[in-house]
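Chains A and B, in that order, give the protein sequences. Note that my numbering has the first sequence beginning at 1, numbered continuously upward. Note that my numbering has the second sequence beginning at 112, numbered continuously upward.
Just so you know, the hints here were simulated from the structure itself, not pulled from any lab data. Warning: the hint list may mix true and false statements.
Here are the computed lysine-lysine pairs in the DSBU-like style, where the Cα-Cα straight-line distance is at most 35 Å [to be verified]:
hint, chain 1, residue 1, chain 2, residue 2
1, A, Lys79, A, Lys2
2, A, Lys98, B, Lys120
3, A, Lys79, B, Lys125
4, B, Lys155, B, Lys120
5, A, Lys98, A, Lys2
6, A, Lys2, A, Lys42
7, B, Lys120, A, Lys45
8, B, Lys155, A, Lys42
9, B, Lys155, A, Lys79
10, A, Lys42, A, Lys98
With beta-carbon atoms standing in for the labels, derived distance ranges [to be verified]:
hint, chain 1, residue 1, chain 2, residue 2, range
11, B, Leu208, A, Ser68, 38 to 44 Å
12, B, Thr181, A, Arg76, 41 to 47 Å
13, A, Asn27, B, Gln133, 29 to 35 Å
14, B, Ile123, A, Ser52, 26 to 32 Å
15, A, Ser52, B, Asp149, 29 to 35 Å
16, A, Asp57, B, Asn173, 25 to 31 Å
17, B, Asp167, A, Asn12, 17 to 23 Å
18, A, Arg76, B, Ser180, 43 to 49 Å
19, A, Tyr70, B, Lys168, 29 to 35 Å
20, A, Ser52, B, Asn173, 19 to 25 Å
21, B, Ser180, A, Asp39, 29 to 35 Å
Since we're looking at a predicted model, the values are computed, not measured. Quick reminder that beta carbons are idealized off the backbone N, C-alpha and C, glycines included.
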Amino acid sequence: RKEVEQDPGPFNVPEGATVAFNCTYSNSASQSFFWYRQDCRKEPKLLMSVYSSGNEDGRFTAQLNRASQYISLLIRDSKLSDSATYLCVVNNGGATNKLIFGTGTLLAVQP
Amino acid sequence: NAGVTQTPKFRILKIGQSMTLQCTQDMNHNYMYWYRQDPGMGLKLIYYSVGAGITDKGEVPNGYNVSRSTTEDFPLRLELAAPSQTSVYFCASSTRLAGGWDTQYFGPGTRLTVL
Numbered sequence: 001r002k003e004v005e006q007d008p009g010p011f012n013v014p015e016g017a018t019v020a021f022n023c024t025y026s027n028s029a030s031q032s033f034f035w036y037r038q039d040c041r042k043e044p045k046l047l048m049s050v051y052s053s054g055n056e057d058g059r060f061t062a063q064l065n066r067a068s069q070y071i072s073l074l075i076r077d078s079k080l081s082d083s084a085t086y087l088c089v090v091n092n093g094g095a096t097n098k099l100i101f102g103t104g105t106l107l108a109v110q111p
Numbered sequence: 112n113a114g115v116t117q118t119p120k121f122r123i124l125k126i127g128q129s130m131t132l133q134c135t136q137d138m139n140h141n142y143m144y145w146y147r148q149d150p151g152m153g154l155k156l157i158y159y160s161v162g163a164g165i166t167d168k169g170e171v172p173n174g175y176n177v178s179r180s181t182t183e184d185f186p187l188r189l190e191l192a193a194p195s196q197t198s199v200y201f202c203a204s205s206t207r208l209a210g211g212w213d214t215q216y217f218g219p220g221t222r223l224t225v226l
């Protein structure tokens, strides 16, 4: 079983749609959780951290369910500029900040 | 701040050739990382460093070597290039904050093809 699993997509949605991505992780001791965004042929960039209480940043909402080892990202009112690959990322703790990356979910927002 | 810079952006190697991928950061970060990303796959950690003079293996270190003589630089060496090393290579850096870890900041990547 992969440490971090995501639906690869692609998710093709019209502008203005709401879309949700899910991610599961296998290590119950994982400590920190993130969503990164990666544009085509570019480097990953942090989109947002994910907290147990849930957190929101504009049109983006992230949720963490530790009991189910499940992370989600909700994007409301999708824009063309949201088209990218969204990477679910987990930090299993320790002294080195090593991150475990999912394979990513591709989002294509259509006009 | 330039952040994390990588050179070259692109490179084509023949089987058996060697090369060094350069990575430099100007944020005074102690922690640096090398990843490879194959098409449709997640990033895999090759090597990492927690400070100058200290390096350790990641998930996929075979065929690579690193050194960390300064805080700023973390070069990745391929000694005998193989087609399986065709990939995009990303360097990243990070630091500890008072409340925990900062995010990892990535360089723009090096696209390597081995023929």
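Cross-check of the supplied hints:
Straight-line distance between C-alpha atoms of A/Lys79 and A/Lys2 comes to about 31 Å, which keeps the hinted pair within the 35 Å bound. With a CA separation close to 24 Å, the supplied pair A/Lys98 and B/Lys120 stays within the 35 Å bound. Using a Cα cut-off of 35 Å, the hinted pair A/Lys79 and B/Lys125 is violated, with the two alpha carbons roughly 42 Å apart. Taking the CA atoms of B/Lys155 and B/Lys120, the gap is near 19 Å; set against the 35 Å cutoff, the hint holds.
For the given pair, A/Lys98 sits about 16 Å from A/Lys2 by alpha-carbon distance, which is consistent with the 35 Å threshold. The suggested pairing of A/Lys2 with A/Lys42 holds, with an alpha-carbon distance near 24 Å, which does not exceed 35 Å. At roughly 18 Å between alpha-carbon atoms, B/Lys120 and A/Lys45 fall within 35 Å of each other, so this suggested pair holds. Distance check on the hinted pair: B/Lys155 and A/Lys42 sit about 16 Å apart at the alpha-carbon level, within 35 Å; holds.
About 30 Å separates the Cα atoms of B/Lys155 and A/Lys79, which keeps this hinted pair within 35 Å; it holds. At roughly 21 Å between alpha-carbon atoms, A/Lys42 and A/Lys98 fall within 35 Å of each other, so this suggested pair holds. With their beta carbons about 29 Å apart, B/Leu208 and A/Ser68 fall outside the hinted range of 38 to 44 Å. Range check, B/Thr181 to A/Arg76: Cβ separation about 45 Å, and the 41 to 47 Å hint holds.
Take A/Asn27 and B/Gln133: their Cβ atoms lie about 33 Å apart, and the range 29 to 35 Å holds. About 47 Å separates the C-beta atoms of B/Ile123 and A/Ser52, a value inconsistent with the hinted range of 26 to 32 Å. Here the CB-CB span from A/Ser52 to B/Asp149 is close to 33 Å, well matched to the stated 29 to 35 Å. The given range of 25 to 31 Å is broken by A/Asp57 and B/Asn173, whose C-beta atoms sit roughly 39 Å from each other.
Our hint of 17 to 23 Å for B/Asp167 and A/Asn12 is violated, since their Cβ atoms are close to 41 Å apart. Distance hint check for A/Arg76 and B/Ser180: the Cβ-Cβ separation is about 48 Å, which falls inside the suggested range of 43 to 49 Å. Between A/Tyr70 and B/Lys168 the C-beta distance comes to about 30 Å, which sits within the given range of 29 to 35 Å. In this structure the supplied range 19 to 25 Å is violated for A/Ser52 paired with B/Asn173, their Cβ-Cβ distance being about 38 Å.
Range check, B/Ser180 to A/Asp39: about 33 Å between beta-carbon atoms, so the 29 to 35 Å window is met.
Hints 3, 11, 14, 16, 17, 20 from the list above are not met by this structure, while the remaining hints are.
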